[in-house]
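Based on the sequences and whatever the hints tell you, model everything.
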Amino acid sequence: MRSPTDGPLAGAPIATRRRGGRAAFALIPFAILVGAFLLVPTVALVWGSFHDSNTGAFTLSNYSYLGDPLDLVPFRNSLELSLAATILGSVVGLLIAQAIVSSRRPIVQEIATTFSSVAANFAGVPLAFAFGATLGLNGLITVALKNNGIDINEGGFRLRSLMGLIVVYAYWEIPLMVLVMLPPLQAMKPSWREAAEILGASRWQYLRSVAIPILMTPFISSLLLLYANAFGAYATAYGLTTGFVSLVPIEISNLTNGDVSHNLGVADALAIGLAVIMAICIGSRAILERRSTRWLAR
Amino acid sequence: MSRLELVNVTKRFGDQVAVSDFNLTVDDGELVSFLGPSGCGKTTTLRMTAGFEAPDSGSVVVDGVDMTEIPTNKRGMGMVFQGYALFPNMTATENVEFGLAVRKRPLADRRARVAELLELFGLAHVAGSYPHQMSGGQQQRVALARAVAIQPGVLLLDEPLSAVDAKVREELRTEIRRMVTQLGITTILVTHDQSEALSISDRVVVMNRGAIEEVGTPAQVYAEPRSAFTAGFIGAMNEIPVRIVSGAQGLVERRGHRVTAPGAAGLADGELALLLVRPESLEPLSATNGSLNGDLTLTGQVEVQTFLGATTRLLIREFPAGAGEGPALPPTRRIAVDVPSASAGRWPAGSELAVRVPVEASRVIAGRSAAEAARQTPTTPATPTTPPGV
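Line order of the protein sequences matches chains A and B. Counting with the working numbering, you get residues 541 to 838 for the letters of the first sequence. Counting with the working numbering, you get residues 1022 to 1411 for the letters of the second sequence.
Read the hints as simulated data drawn from the structure, not as lab findings. You may find that some hints are simply not true.
The calculated DSS-like cross-link candidates involving lysine-lysine, where the alpha carbons are at most 27 Å apart (straight line), are [unchecked claim]:
1. B/LYS1125 with A/LYS686
2. B/LYS1125 with A/LYS729
3. B/LYS1125 with B/LYS1095
Some chain A residues flagged as far from chain B (calculated, every beta-carbon gap over 10 Å) [as the list claims (entries may be wrong)]:
4. LEU573
5. PRO609
6. ALA670
7. ILE692
8. LEU722
9. VAL750
Derived CB-CB ranges, DEER-like [claimed, not checked]:
10. A/THR833 with B/GLY1035: 35 to 41 Å
11. A/VAL648 with B/LYS1125: 35 to 41 Å
12. A/TRP744 with B/ALA1331: 55 to 61 Å
13. A/ILE647 with B/GLY1035: 14 to 20 Å
14. B/ALA1075 with A/GLU694: 52 to 58 Å
15. B/LYS1188 with A/ALA639: 42 to 48 Å
16. A/ARG830 with B/GLY1104: 20 to 26 Å
17. A/GLU694 with B/LYS1095: 51 to 57 Å
18. B/LYS1125 with A/MET756: 32 to 38 Å
19. B/SER1183 with A/THR833: 20 to 26 Å
20. A/ILE827 with B/GLY1104: 24 to 30 Å
21. B/GLY1104 with A/GLY689: 54 to 60 Å
The C-beta atom is built at its ideal place from N, Cα and C for all residues, glycine as well.
What follows is the structure, given as structure tokens:
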């Protein structure tokens, strides 16, 4: 029989053990949530990706897409789209975040943060509709520009294309970048710049030796977040293109819901590929965040 | 080593005058403290010296060269910031080396200088540590080492000990004094901690509302304050209202008793003044109120005892003046008397106590009381603080 003094809390005061027990009890809802929405689906995905969806027999054929360049098109499109949206979102977002911090006006910072929070979460079908209504073939802005002699479609721009998706993705990637870069930029101590300056450093020497190395970690971490965010996006792309552009989430949807191309095993295998990329992004970000937190702790 | 001169330096922020017509000369190798409450302009003056703020008028001169228009990174000064401002992405070695690296000193020289400084400041064992891996005291030492690594002409210390605990603060005080003496660097220390300023400075500049209240050695500003503000800000000080009987003879009167007191000479006859005396100078008596061997005595009731370690402070409420005790004077605030803790039990709260005011240890000043002066400055301590060990 297990003694009450066994285990990790052995020897701890009774009050501490009680608190430990209560804390563990409080974690049960979280554990249920993680189990139901992360562990069980992951296990189901892995299992499904190695089994034929019709016969239930073990197979590696679901992963055959890895060896076929044509089947890898959704991955290539998703990677390119995410990369472009991430670059656009990060550069513009970083500049805006720096401008907000430089303004040193709390009201500007509050308004910018509030707007960014809303915009970063405005996605899916409503966003697709909003863009369609403004920048679509007969969108408000498209028509207005055309009436003034500027035809954006003539220049090759199509909303229902990869380029169009990049613009739409940037709509939430930019504010997301603002949101995630504001705290590290605000945590940069003016005294670091002053210390560098009085030690003889020029503005560039300060940026190169102090500011950029300190901000590099949160910046890369933000890039990973933006990338993962774009890579996993589904509803906006589907709402805008109705599956016209081949992306990993859309392909998974087609394989899951489609009448012709229905194949749950391949869908699971694609989802595993997507999950691996997401896990690399999120995992790397978590590691970088740890270092960034130490450096920028107030 | 450099000679620093601040000439008629003035700085305004909007309508607020932060520093007004500030004049000071700091000699080669001298350590001067700017002491005053928050908002008195001491940090602004330091930042103008460093070049972080431009004065509206006046000039900053180092060794005869006007530095006012010279950018901070060309001034050749070192500075230790309030929160250390160590670069978090660099180790202790890299932090100390930074100033030498931006000056493009040869690598071998840099390494030798850094090793020497890390040894001097007892940091060799944390040479490879990042700031977040070091204690507050270690970080402060790295900040000092970094500031002196470039062999600055002038070293500026902006409340360098405010973020460390009391024990480390005392150690670092001694270390700063030792380092400044050893390296002979002209140094300005900004602090609101009187004991810090008095214990390590060659001279103390007491500042109030953007202006210099007075300048003197620690002993001078402590023992012979020339203003009520200085008297009230530095250490604990009793203010006893007196009337000038004869300014020519330095004679003052209190409750019908007349004594000759330092500082009274030259004040106008009939003027109300304050007799300043430190709590440790007052001597408990068993005699009565009045004058004793040419000294004043005060009597009252002990209200509170505060244990301070070796001494205990008694706060006494003086008895009101009786009939025939001379012209009315403003009431005396609580009188603080420091007695050895071993004998403090003789005067419990509620007991009566008479104290002798030795005139040789007191000083008469004209004008408003320190309390009134302090009220003009929001953050001035309202109650007397423990006297420093000088």
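Right, here's what the structure says about each hint:
1. Taking the CA atoms of B/LYS1125 and A/LYS686, the gap is near 58 Å; set against the 27 Å cutoff, the hint is violated.
2. With a CA separation close to 25 Å, the supplied pair B/LYS1125 and A/LYS729 stays within the 27 Å bound.
3. Straight-line distance between C-alpha atoms of B/LYS1125 and B/LYS1095 comes to about 14 Å, which keeps the hinted pair within the 27 Å bound.
4. Listed as outside the interface, A/LEU573 is consistent with that label: its C-beta sits roughly 33 Å from the nearest C-beta of chain B, beyond the 10 Å cut-off.
5. No beta-carbon of chain B is positioned within 10 Å of the beta-carbon of A/PRO609; the least distance is around 43 Å.
6. Residue-level check passed: A/ALA670 sits 42 Å from the nearest beta carbon of chain B, beyond 10 Å.
7. Distance check for A/ILE692 against chain B: the nearest CB is about 44 Å away, which clears 10 Å, and the non-interface claim stands.
8. Listed as outside the interface, A/LEU722 is consistent with that label: its C-beta sits roughly 19 Å from the nearest C-beta of chain B, beyond the 10 Å cut-off.
9. Not every beta carbon of chain B lies more than 10 Å from that of A/VAL750, the smallest distance being close to 5 Å; the non-interface claim is violated.
10. In this structure the hint that A/THR833 and B/GLY1035 lie 35 to 41 Å apart at CB holds, the actual value being about 37 Å.
11. Between A/VAL648 and B/LYS1125 the beta carbons are some 40 Å apart, a value that agrees with the proposed interval 35 to 41 Å.
12. Between A/TRP744 and B/ALA1331 the beta carbons are some 56 Å apart, a value that agrees with the proposed interval 55 to 61 Å.
13. Restraint check, A/ILE647 to B/GLY1035: a C-beta distance of roughly 19 Å satisfies the suggested window 14 to 20 Å.
14. A hinted range of 52 to 58 Å for the beta carbons of B/ALA1075 and A/GLU694 is consistent with their spacing of about 55 Å.
15. Taken as a hint, the range 42 to 48 Å holds for the pair B/LYS1188 and A/ALA639, whose Cβ atoms sit roughly 45 Å apart.
16. Here the CB-CB span from A/ARG830 to B/GLY1104 is close to 22 Å, well matched to the stated 20 to 26 Å.
17. Look at A/GLU694 against B/LYS1095: about 56 Å separates their beta carbons, and that is inside 51 to 57 Å.
18. Against the hinted window of 32 to 38 Å, the Cβ-Cβ separation of B/LYS1125 and A/MET756 comes to about 24 Å, which falls outside the hint.
19. For B/SER1183 and A/THR833, the hinted distance range of 20 to 26 Å is satisfied, since their beta carbons lie about 25 Å from each other.
20. Under the hint 24 to 30 Å, the C-beta atoms of A/ILE827 and B/GLY1104, about 27 Å apart, fit the expected range.
21. Taken as a hint, the range 54 to 60 Å holds for the pair B/GLY1104 and A/GLY689, whose Cβ atoms sit roughly 58 Å apart.
Violated hints, listed in ascending order, are 1, 9, 18; each of the other numbered hints is respected by the structure.
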